[in-house]
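Kindly generate the complete structure, drawing on both the sequences and the hints.
2 protein chains.
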Amino acid sequence: MPTNEQVKVLSQVQEVLDIVKERTIENVFFVACGGSSALMYPSKYLLDREAKKMVSDLYSSNEFIHRNPNTLGKNSLVILCSLEGVTPETVFAAQFANEKGALTVGLTNEEGSHLAKNVDCVVKFEFGDQANAFDTNYSIMYQLTMGLLNVVEGNEKFEKMVTSLSNLQTVYDKVKVAVKENALQFGEDYKDEKVIYTIGSGANYGVAYSFAICILMEMQWIHSHAIHAGEYFHGPFEILDEKVPFIHLLGLDETRPLEERALEFAKRYGKRLIVLDAKEYDLSGIDEEMEGYIAPLVLNYVLRVYANALADARQHPLSTRRYMWKVDYHLPIN
Amino acid sequence: MPTNEQVKVLSQVQEVLDIVKERTIENVFFVACGGSSALMYPSKYLLDREAKKMVSDLYSSNEFIHRNPNTLGKNSLVILCSLEGVTPETVFAAQFANEKGALTVGLTNEEGSHLAKNVDCVVKFEFGDQANAFDTNYSIMYQLTMGLLNVVEGNEKFEKMVTSLSNLQTVYDKVKVAVKENALQFGEDYKDEKVIYTIGSGANYGVAYSFAICILMEMQWIHSHAIHAGEYFHGPFEILDEKVPFIHLLGLDETRPLEERALEFAKRYGKRLIVLDAKEYDLSGIDEEMEGYIAPLVLNYVLRVYANALADARQHPLSTRRYMWKVDYHLPIN
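Same order as they appear, the protein sequences are chains A and B.
Counting from 1, position 83 in the first sequence corresponds to residue 83 in UniProt numbering; the numbering is continuous, with no gaps.
Counting from 1, position 104 in the second sequence corresponds to residue 104 in UniProt numbering; the numbering is continuous, with no gaps.
Fair warning: there could be bad hints in the mix.
[Stated by the list, open to error] Lysine to any residue pairs mimicking SDA-like chemistry, simulated, CA-CA at most 20 angstroms apart:
#1 B/K267 - A/Y269
#2 B/K194 - A/R272
#3 B/K326 - A/Y269
#4 A/K74 - B/R49
#5 A/K267 - B/K194
Hints are computed from structural coordinates only; laboratory data are not their basis.
Have a look at this one:
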């Protein structure tokens, strides 16, 4: 039984899908910056696996504008995201996509923001500890992409996805309790590290990327890099020794064998390994067929618990910044 | 006037294009691992900018197999690359693509290799200090992709590209002399660093990635990460202080403003910046319209000179490994 908030979110998604029905959508561009971009990786994975015809690309907002993909046009759907809706690069990317005749959808927490004013359709998402998982950005991205596949190609997994997402908050609540102790231990054990790598593949790579650039580099000033589990053996693994910490993500999608292989190797030569395995979490309420897609959302939630513990142990709050919002570096927004 | 070797390379490319003419190619997959994957990024950039209809994706070989993109099929062209042609993931990816009915092209230095035996078309490239730039992997990738655009969509820049590439060795020879002193200085100044980041965008991102994972992490055991110049402001820049070294790549493609913006910011708060700017090199013989595409190849060449200088200064030869080729980690190859 969906809550009132869920009905509101779904009706926003439905409005987008109704407009999609009137158009011919051949390609999708996922366009955002930093953490807002990272949360779109799972949707790219989903489209790659599920779409019979529709193709997609994911670009950082300013790259998207300057790269100027030749296939961007009236048959394109451009999905953009910015929490407060004021990221200049993303607002400009929306304007750019509009000029090309694309259908633009903006996810934001601020309905009156620059981004909201510059897209064809706005989807408001919720944010923070009080938000229900169903109403948050990751979840809405899946509702949009699975809905798109349903409307354009007749893919019938939309309902399974929506039902699974409506049960996601319960999963989060249980996992929060389950990982609490491990997270505190992580904070204590790794609080003095100068470098911490993350590693994952498939639907989980974006989560590894987000933790590396937004949590470790941005919020903790710890050196990091998100390593793709398949690429690991073709360069990065040479950095491994008994002292270098790696956070290994193990998801439930089709690329899990890559993540398992990297971990198996790391266990032979590394000692500072943190393993987050989605198999260990209680995913009751998530449709079995959706588990691979949902795993990165759960891993991302777990990583946020770990981030809080690390920040506490280091006495370096996640809100600490030296440049972001503090010094002048923004592109001027109109 | 092309040399005999160049005629041989071009005739191999022409053979591929003749086969392409007989098929309907709608999408291209660039599939390889590590450095061989990185050298395909510029070709993805080129297709994005130039292709009216054709779409493309770039995946690490094992991700490609397990992700199993739904649009992979008889209208796909899959371009694979492996220097010695024995990278198991890439050989398996070729077999996988064949089973899906795709047209497979394998770039390798070894004509009798596993990869060569498992693709529809083999293109042999040259390698090492004696090779002419025209006959090397980066150059052949551009010949293939520009040729593909010519054959499938009537793009008329193929000749300009081939002429530019035939003059590339002269550019390399001049640039080698021009950067020699700076490279030696780089080696001396940075030989004790534990972390060195690289940064770039557009056609140059793959070169930044290659230097980070293959040279610094793999061959020098120095922590690293290739940061996208647009993403820099959405997380990674918070790691910057007066001590952290960043190698800034400035290319000549349409995304140069992103690279310039990152450098401008870095100069305000950083002190350990290494700037490699393609504008400073003598690109005589490169068609003006091709300069943006060719810049990453030149930057990659310059970075190799820098890598040699760094390895010498650290007395850590580029051939040093602890795991690669030394311990057992390969997927079993048939």
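Comparing the hints with the structure gives:
A distance of roughly 39 angstroms separates the Cα atoms of B/K267 and A/Y269; the hinted pair therefore is violated under the 20 angstroms criterion. The hinted pair formed by B/K194 and A/R272 meets the criterion: a straight-line CA distance of about 18 angstroms does not exceed 20 angstroms. Of the pairs offered as hints, the one joining B/K326 and A/Y269 holds, with about 13 angstroms between alpha carbons and a cut-off of 20 angstroms not exceeded. For the proposed pair A/K74 and B/R49, the alpha carbon gap of about 17 angstroms is at most 20 angstroms, so the pair holds.
The straight-line distance between the Cα atoms of A/K267 and B/K194 is roughly 23 angstroms, outside the 20 angstroms bound, and the hint therefore fails.
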